[in-house]
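In the order they appear, the protein sequences are chains A and B.
Quick note on numbering: the first sequence equals residues 13 to 475 in this note's numbering.
Quick note on numbering: the second sequence equals residues 13 to 475 in this note's numbering.
Simulated from the structure, these hints should not be mistaken for lab results.
Treat the numbers as computed from the prediction; the structure is a model and nothing was measured.
Treat the hints with care, as some may be off.
With a cut-off of at most 30 Å between alpha-carbon atoms, the simulated DSSO-like pairs for lysine-lysine come out as follows [to be verified]: (1) A:Lys312 / B:Lys400; (2) B:Lys171 / A:Lys149; (3) A:Lys370 / B:Lys349; (4) A:Lys169 / B:Lys138; (5) B:Lys396 / A:Lys149; (6) B:Lys312 / A:Lys171; (7) B:Lys169 / A:Lys169; (8) B:Lys169 / A:Lys149; (9) A:Lys165 / B:Lys149; (10) B:Lys169 / A:Lys165; (11) B:Lys275 / B:Lys24; (12) A:Lys149 / B:Lys356; (13) B:Lys43 / A:Lys305; (14) B:Lys149 / B:Lys396; (15) A:Lys169 / B:Lys24; (16) B:Lys396 / B:Lys24; (17) B:Lys138 / B:Lys216; (18) A:Lys305 / B:Lys305; (19) A:Lys171 / B:Lys149; (20) A:Lys171 / B:Lys165; (21) B:Lys43 / B:Lys400; (22) A:Lys169 / B:Lys115; (23) B:Lys138 / B:Lys115; (24) B:Lys400 / B:Lys115; (25) A:Lys115 / A:Lys400; (26) B:Lys305 / A:Lys165; (27) A:Lys396 / A:Lys312; (28) B:Lys165 / A:Lys370; (29) B:Lys24 / B:Lys305; (30) B:Lys165 / A:Lys305; (31) B:Lys275 / B:Lys400.
Protein chains: 2
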Amino acid sequence: MGSTAMDLSSVKVVVIGGGLVGAMEAIFMAKRGFQVDLYESREDIRTLEHVSGRSINLALSIRGREALRLVGLEDQIVGGGIPMHARLIHGVSGRKSAQPYGKEGQFISSVDRRLLNETLLTEAEKYSNIRLHFYHKMVQADFDNGVIFFTDKDGSKVKACPDLTIGCDGAYSTTRRQMMRCGRIDFSQEYIPHGYMELCIPPKDGKFAAEINYLHIWPRDEFMMIALPNQDCSFTCTLFMPFVNFDEIEAAGGEAPVDFFRKYFPDAIPLIGEKAIRTTFEEGRALPMVSVKCSPYNYKDKVVILGDAAHAMVPFYGQGMNCGFEDCIVFDQFLDKFNNDFAKALPAYSEHRNPDAKAICDLAMYNYVEMRSLVNSRWFLFRKRVDKFLNWLLPSRYIPLYSMVTFSRIRYHTVIQRWKKQDVIVNKGLFYLLCLPVVIAGALTLKRFKPDVFSWLKFSGKT
Amino acid sequence: MGSTAMDLSSVKVVVIGGGLVGAMEAIFMAKRGFQVDLYESREDIRTLEHVSGRSINLALSIRGREALRLVGLEDQIVGGGIPMHARLIHGVSGRKSAQPYGKEGQFISSVDRRLLNETLLTEAEKYSNIRLHFYHKMVQADFDNGVIFFTDKDGSKVKACPDLTIGCDGAYSTTRRQMMRCGRIDFSQEYIPHGYMELCIPPKDGKFAAEINYLHIWPRDEFMMIALPNQDCSFTCTLFMPFVNFDEIEAAGGEAPVDFFRKYFPDAIPLIGEKAIRTTFEEGRALPMVSVKCSPYNYKDKVVILGDAAHAMVPFYGQGMNCGFEDCIVFDQFLDKFNNDFAKALPAYSEHRNPDAKAICDLAMYNYVEMRSLVNSRWFLFRKRVDKFLNWLLPSRYIPLYSMVTFSRIRYHTVIQRWKKQDVIVNKGLFYLLCLPVVIAGALTLKRFKPDVFSWLKFSGKT
């Protein structure tokens with residue numbers, strides 16, 4: 013495939029999915045000069061009155077920001093978001109304590125999912141070589157011959173004949189399912205026993221009802237609640253809890269939801285309101301969370317999947333969107349490297365990105381435990397301080413795990429390697445440091461009561 | 013749900029898939045008294061001229077035999093099969109050595125897949141409460157409301173409203189896919205880098221061209237070939253090899269396949285024939301092997317999956333069909349236990365059977381290595397002898413791994429536990445046994461040159 017702008021404009025790229033990653037990827041491909049058609053099965057999100065399903069707000073960090081910067085939207089999105097500098101931990105007693113995320117000035121941004129999606133679609137529409145097709149649902153794909161069929165709003169069949177298909181259609185990706193029919197694709201999906209349910213802390217007198225620049229966490233070991241600030245001065249709370257507990261509370265009905273809050277989140281009741289808690293439990297159904305891995309991400313030079321379609325993760329590291337956006341950057345780099353030769357770029361991208369996506373899926377699962385319980389542990393808090401101190405001492409050599417994931421673009425699988433190495437060194441160091449007083453005390457005691465031991469040691473050393 | 017025969021005949025059970033496990037399960041359910049409808053997407057195998065795809069012969073062992081016994085077909089099938097008492101290992105030099113599978117009189121049977129399937133369908137047809145529907149492909153399922161749609165040969169839509177659906181539709185199960193849309197089902201599929209290709213050793217002068225009562229193995233570390241005897245005096249050979257090697261040989265073309273055989277399987281060339289080797293490689297495409305795990309196996313009291321649909325495994329332990337048939341027995345026992353109450357029997361069956369299916373999937377993957385290489389190792393052969401001796405000494409307490417899997421109905425996950433325990437004990441025992449001569453020699457040497465060491469030891473022991 014040629015590399016001149018002239019050639020590329022005749023190369024047809026189909027992007028499946030008009031969510032965050034799909035819209036972003038369409039822009040990346042349009043910037044390269046390809047002819048891009050984006051197909052989204054649902055209505056245009058910009059014309060919808062109410063968006064159901066996915067979480068309302070997202071934590072944007074450096075990897076996502078970098079992709080936004082490359083498409084010229086960083087300032088707009090970060091400027092519109094709300095910076096969160098620290099976790100604010102709520103104890104059962106109502107006691108609060110802050111745990112900064114990184115160094116002075118480092119923060120993650122709470123951004124509105126819908127607004128971000130709309131901004132990306134509107135940006136995409138500015139490119140003359142992007143066409144957006146809403147209400148187009150993929151029903152059949154023959155990737156070997158480059159033919160895809162969609163049904164449109166009226167149920168009519170629509171045909172597309174792309175040179176390359178990019179599936180950005182989420183955790184339950186149709187592109188992936190069609191791809192799995194063609195080739196030998198390893199795949200796994202794993203549900204966690206927890207579900208999530210969203211509640212709202214409305215503004216109070218037109219202002220935020222709780223501390224604004226924080227990600228609020230109520231960690232309770234087996235379950236937890238978090239809250240992220242929105243631009244309209246409300247907070248979106250998300251309660252994570254095993255489905256069995258949700259079922260129990262729902263089955264009990266009546267006052268059970270409020271009683272549950274009284275026991276575990278008493279300080280959240282005046283913020284959310286008893287009535288709102290009751291109605292949310294009555295109406296709401298807890299939603300599942302799934303972790304998806306697959307390999308490879310491509311089928312020949314015909315299809316590649318990005319974002320959740322390739323690696324859905326549990327939401328506990330706030331990296332789902334950030335990783336998906338970084339996919340767009342990395343794929344773009346591979347197209348650069350191989351001069352837009354899909355036959356080389358696709359498998360190379362897949363091989364390179366796979367260990368990274370696997371790593372962040374695993375880290376997200378790890379944080380699923382850390383957020384619920386470790387943030388309550390004294391040892392964990394002590395280690396956080398040690399990490400901070402070492403990072404201050406050796407800023408480029410020692411970076412805490414959370415900072416590597418959130419405030420750097422170090423490859424995720426390298427992050428895990430460095431983290432494990434750092435952990436071994438620090439734990440050993442702390443062990444010796446803690447042993448030191450014991451050894452010194454022992455030596456002093458010996459010196460006081462048996463001073464000849466030292467001369468004996470000296471003596472035997474000489475023989 | 014009631015338990016009298018009267019009630020059960022009004023309970024409608026749909027079995028999806030008319031392969032080995034589907035036909036077997038239909039009989040089991042008919043014997044319980046349910047009204048059974050079996051839907052198979054393809055044509056009736058009994059009317060087909062040529063069956064493509066799956067392997068031609070299977071190794072039937074005790075778990076499969078037990079299910080056949082329960083439906084009254086054991087004698088017919090085992091009688092028609094060919095007993096294999098041992099592995100016959102073919103070295104590159106042409107040297108052969110036998111490794112018995114079990115004790116005197118124990119054997120596995122090489123049975124014809126097609127004949128077995130036909131026998132089971134014909135048997136099923138004898139039951140007045142079984143109806144067979146061929147050319148019926150499941151296209152849609154609403155398990156919550158118990159409605160399934162099929163398309164028949166003419167493309168017409170056919171509706172079924174079962175009380176219970178049993179999916180026995182293989183590794184790429186449509187039932188499972190439909191089930192995964194309803195509930196939170198963990199799932200994984202993993203392809204191995206090896207593919208397989210079938211070749212044939214035709215009869216010679218109307219007789220078997222090689223030793224009959226063996227499973228022939230040509231282990232060559234990275235790849236291997238096996239051969240099982242057929243009733244028509246031919247053997248079916250299966251070559252297992254990484255796809256990359258298949259691709260290399262195919263790409264080279266010409267004499268490459270025969271050259272490959274000359275190098276690695278010289279004694280098989282006169283048996284198969286040079287021309288047949290060339291044409292098989294020209295026509296044949298190596299087929300993939302996949303390992304599938306999922307959990308749970310049921311969705312509410314509405315659907316359950318058995319056999320490959322629930323746990324496809326690589327073929328190296330010859331347990332795919334045997335495990336699938338055992339599924340039918342175990343599910344039947346749970347229906348007994350819970351008096352045909354699907355709401356209790358289905359989840360209980362799933363929870364009970366899951367660790368066993370997972371265990372045999374893992375063991376099959378382990379044997380994938382053992383068959384290719386370990387059978388060549390001296391230590392492995394020595395350990396086989398030790399196992400045999402210990403089994404002779406403690407017949408009920410010490411059973412070799414292969415025998416537990418193949419000649420017993422010990423639960424697969426218990427098999428792994430016992431195997432690991434046995435392994436630790438035997439390896440420790442052998443270590444001490446092998447150390448003993450060294451210790452004795454050391455002691456004797458000491459005694460000769462420094463006899464006072466013993467008195468010194470005696471002395472210090474007393475202080």
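For each hint, the structure was consulted:
Restraint check for Lys312 of chain A and Lys400 of chain B: not satisfied, since their Cα atoms lie roughly 50 Å apart, outside the 30 Å limit. Distance hint between Lys171 of chain B and Lys149 of chain A is fulfilled; the C-alpha atoms sit about 26 Å from each other, no more than 30 Å. A C-alpha spacing of about 43 Å is found between Lys370 of chain A and Lys349 of chain B, which places the hinted pair above 30 Å, so the restraint is violated. Of the supplied pair hints, the one linking Lys169 of chain A and Lys138 of chain B is violated, its CA atoms being roughly 46 Å apart against a limit of 30 Å.
Proximity of Lys396 of chain B to Lys149 of chain A is assessed by CA-CA distance (about 58 Å); at most 30 Å being required, the pair is judged violated. Taking the CA atoms of Lys312 of chain B and Lys171 of chain A, the gap is about 39 Å. The hint is violated against a cut of 30 Å. Taken as a hint, the Lys169 of chain B and Lys169 of chain A pair is honoured in the structure, with Cα atoms around 20 Å apart against an allowance of 30 Å. For a cut-off of 30 Å, the pair hint linking Lys169 of chain B to Lys149 of chain A stands: about 23 Å separates their Cα positions.
For the hint linking Lys165 of chain A to Lys149 of chain B, the alpha-carbon distance of about 27 Å falls within 30 Å, and the restraint holds. Only pairs whose Cα atoms come within 30 Å are accepted, and Lys169 of chain B paired with Lys165 of chain A is accepted, the gap being roughly 24 Å. Pair hint Lys275 of chain B plus Lys24 of chain B does not hold up; C-alpha atoms about 58 Å apart against a cutoff of 30 Å. This hinted pair does not check out: Lys149 of chain A and Lys356 of chain B have alpha carbons roughly 39 Å apart, beyond 30 Å.
Distance restraint check for Lys43 of chain B and Lys305 of chain A: the Cα-Cα separation of roughly 42 Å exceeds the 30 Å cut-off, and the hinted pair is therefore not satisfied. Distance check on the hinted pair: Lys149 of chain B and Lys396 of chain B sit about 47 Å apart at the alpha-carbon level, beyond 30 Å; violated. The straight-line distance between the Cα atoms of Lys169 of chain A and Lys24 of chain B is roughly 37 Å, outside the 30 Å bound, and the hint therefore fails. Only pairs whose Cα atoms come within 30 Å are accepted, and Lys396 of chain B paired with Lys24 of chain B is rejected, the gap being roughly 50 Å.
The hinted pair formed by Lys138 of chain B and Lys216 of chain B fails the criterion: a straight-line CA distance of about 39 Å is larger than 30 Å. Between Lys305 of chain A and Lys305 of chain B the CA atoms are separated by roughly 14 Å; this keeps the pair inside 30 Å, and the hint holds. At most 30 Å may separate the alpha-carbon atoms for a hinted pair to count; Lys171 of chain A and Lys149 of chain B meet this at roughly 26 Å. Restraint check for Lys171 of chain A and Lys165 of chain B: satisfied, since their Cα atoms lie roughly 27 Å apart, inside the 30 Å limit.
For the proposed pair Lys43 of chain B and Lys400 of chain B, the alpha carbon gap of about 40 Å is over 30 Å, so the pair is violated. A C-alpha spacing of about 64 Å is found between Lys169 of chain A and Lys115 of chain B, which places the hinted pair above 30 Å, so the restraint is violated. Straight-line distance between C-alpha atoms of Lys138 of chain B and Lys115 of chain B comes to about 38 Å, which puts the hinted pair past the 30 Å bound. Only pairs whose Cα atoms come within 30 Å are accepted, and Lys400 of chain B paired with Lys115 of chain B is accepted, the gap being roughly 8 Å.
This hinted pair checks out: Lys115 of chain A and Lys400 of chain A have alpha carbons roughly 8 Å apart, not beyond 30 Å. Distance hint between Lys305 of chain B and Lys165 of chain A is unfulfilled; the C-alpha atoms sit about 37 Å from each other, more than 30 Å. With a C-alpha separation of about 45 Å, the suggested pair Lys396 of chain A and Lys312 of chain A falls outside the 30 Å cut-off, and the hint is violated. Of the pairs offered as hints, the one joining Lys165 of chain B and Lys370 of chain A is violated, with about 44 Å between alpha carbons and a cut-off of 30 Å exceeded.
Between Lys24 of chain B and Lys305 of chain B the CA atoms are separated by roughly 28 Å; this keeps the pair inside 30 Å, and the hint holds. About 37 Å separates the Cα atoms of Lys165 of chain B and Lys305 of chain A, which puts this hinted pair outside 30 Å; it is violated. Taking the CA atoms of Lys275 of chain B and Lys400 of chain B, the gap is about 34 Å. The hint is violated against a cut of 30 Å.
Going through the hint list in order, the structure does not satisfy hints 1, 3, 4, 5, 6, 11, 12, 13, 14, 15, 16, 17, 21, 22, 23, 26, 27, 28, 30, 31.
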